[in-house]
Amino acid sequence: MSRRARLMLFAVAAAGLAATLGAGLAGLPSFGSQISAYAQMLNRLAPQQRHVTDVVSAISFDYRGIDTLFEEFILLAAVAGISVLLRPLSDESRQLPEDKAPDRTIPPPSPAVWLLAVFLSSLLVLTGIETVTHGQLTPGGGFQGGVVLASAFYVVYLGTNYVTVERFQPAPLLEASDGVGASGYVLIGLLGLFAGASFLSNVVGLGVTGNLISGGTIPLLNLVVGVEVAGSFAILASEFLDQTAVIRTRQR
Amino acid sequence: MSEAVIAVALVWVAVAGTAVVLTRDPLRQAFTAGFFGLALAFLYLSLQSGDVALSQIVVGAIALPLIVLLSLAKVRKDQ
Chain A
1 MSRRARLMLF
11 AVAAAGLAAT
21 LGAGLAGLPS
31 FGSQISAYAQ
41 MLNRLAPQQR
51 HVTDVVSAIS
61 FDYRGIDTLF
71 EEFILLAAVA
81 GISVLLRPLS
91 DESRQLPEDK
101 APDRTIPPPS
111 PAVWLLAVFL
121 SSLLVLTGIE
131 TVTHGQLTPG
141 GGFQGGVVLA
151 SAFYVVYLGT
161 NYVTVERFQP
171 APLLEASDGV
181 GASGYVLIGL
191 LGLFAGASFL
201 SNVVGLGVTG
211 NLISGGTIPL
221 LNLVVGVEVA
231 GSFAILASEF
241 LDQTAVIRTR
251 QR
Chain B
1 MSEAVIAVAL
11 VWVAVAGTAV
21 VLTRDPLRQA
31 FTAGFFGLAL
41 AFLYLSLQSG
51 DVALSQIVVG
61 AIALPLIVLL
71 SLAKVRKDQ
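Protein sequence lines correspond, in order, to chains A and B. Position one of the first sequence corresponds to residue 1 (this note's numbering), numbered consecutively onward. Position one of the second sequence corresponds to residue 1 (this note's numbering), numbered consecutively onward.
Extracted from the complex, chain A is given alone in its bound form (with noise of 0.2 Å):
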């Protein structure tokens, strides 16, 4: 295709995604306009209805409960997709690489380096089992969470080396946590049907709005996606970490 048919072709579809895109943002509500009617009502009534103090959990993990089920498997199958695209290949072997100079040691991290991801491993560890923790009764959830433990992983191989970082992160615990975490969400969702309800019902109890247990079957599906989203992000960072530090060609 010749370079002015080219342009008269993106003419044509800039044209046409200006028209649909202007149509289409013309009809938003103006910036900053009152909050939708379903929002409101939500407001209202999720504190008294699911004793939470956070009204989106109780949206994301109750009244659309079922839309962050899928989500989860959507997660699920990424994760699954990226550990079988990045395995090793046939003409690929497993291996740490070979020292070119084995009379020279590597220095070790300084202990500055050593110090702080000691001190920064512990601390996220620790901010990501409260995020994951406190979903119904702070901004932060399952979600969240769950990528905060994972980068702990991160900073511990900042800290040392891949050899250390792999004694951390055993490839089952990660590959159990993920399936767990995810089959966890239906078993919840399954209570509901058990206790004579509908899938995903909040048949637990509901404890005294603002405490930490409160809110019924919301912490418990956060705590199960907070499991899951930790090991996918640790299973995503170790995949990728292979393939730079022991996945090498073959050599002939």
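What the hints contain is simulated information worked out from the structure, not anything from laboratory work. Source: prediction; values computed, not measured. Backbone N, C-alpha and C fix where the C-beta goes; we use that ideal spot for every residue, glycine too. Among these hints, one or two may not hold up.
Distance condition first, Cα-Cα at most 25 Å in a straight line; then the derived SDA-like pairs of lysine to any residue [as the list claims (entries may be wrong)]: (1) B:K74 <-> A:F70; (2) B:K77 <-> B:I62; (3) B:K74 <-> A:A14.
Beta-carbon label-pair distances, calculated as ranges [to be verified]: (4) B:E3 <-> A:P107: 22 to 28 Å; (5) A:L28 <-> B:R76: 42 to 48 Å; (6) B:L10 <-> A:L212: 18 to 24 Å; (7) A:G205 <-> B:A14: 46 to 52 Å; (8) B:S71 <-> A:I74: 36 to 42 Å; (9) A:L86 <-> B:A14: 33 to 39 Å; (10) B:S71 <-> A:L173: 24 to 30 Å.
Starting from the known structure of chain A, fit chain B onto it as the hints suggest.
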């Protein structure tokens, strides 16, 4: 007051987004993209959306730069 904070956030997002586009080296782009993610998180926070801001921080400032950096390291090792 809140309008001023939102205005600062919007300008920061615009500047950081332009910086990502104008950065040509992928390695440096990973860092500017991380700062762009942080700017977006600040914008969401200024619009009182704490949950989305937290998600943006963990994805934009932790997961995305990490994957880009490790992919770059793999590509450069094979060269």
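Hint check for A:L173 and B:S71 - Cβ pair distance inside 24 to 30 Å:
Given a distance of about 25 Å, which is inside 24 to 30 Å, the answer is holds.
Given the hint that B:K74 pairs with A:A14, does the C-alpha gap stay at or below 25 Å?
Not OK: B:K74 and A:A14 at ~36 Å, beyond 25 Å, violated.
Quickly compare the C-alpha distance for B:K74 and A:F70 to 25 Å and report which way the hint goes.
violated (32 Å)
Between B:L10 and A:L212, does the C-beta distance stay in 18 to 24 Å?
violated (37 Å)
A:L28 versus B:R76 beta-carbon gap, inside 42 to 48 Å or not:
holds (44 Å)
Hinted pair B:K77 and B:I62, Cα distance within 25 Å
OK: B:K77 and B:I62 at ~23 Å, within 25 Å.
Cβ-Cβ distance between A:G205 and B:A14: within 46 to 52 Å?
holds (48 Å)
Okay, A:L86 versus B:A14 on CB: inside 33 to 39 Å?
This hint holds: roughly 36 Å between Cβ atoms.
Distance restraint hint 22 to 28 Å, applied to the beta-carbon atoms of B:E3 and A:P107:
Taking Cβ atoms as reference, B:E3 and A:P107 lie about 53 Å apart, which means the hint is violated.
Tell me if the beta carbons of B:S71 and A:I74 are separated by a distance inside 36 to 42 Å.
violated (21 Å)
In the structure shown, a violation is registered for the earlier hints numbered 1, 3, 4, 6, 8, in ascending order.
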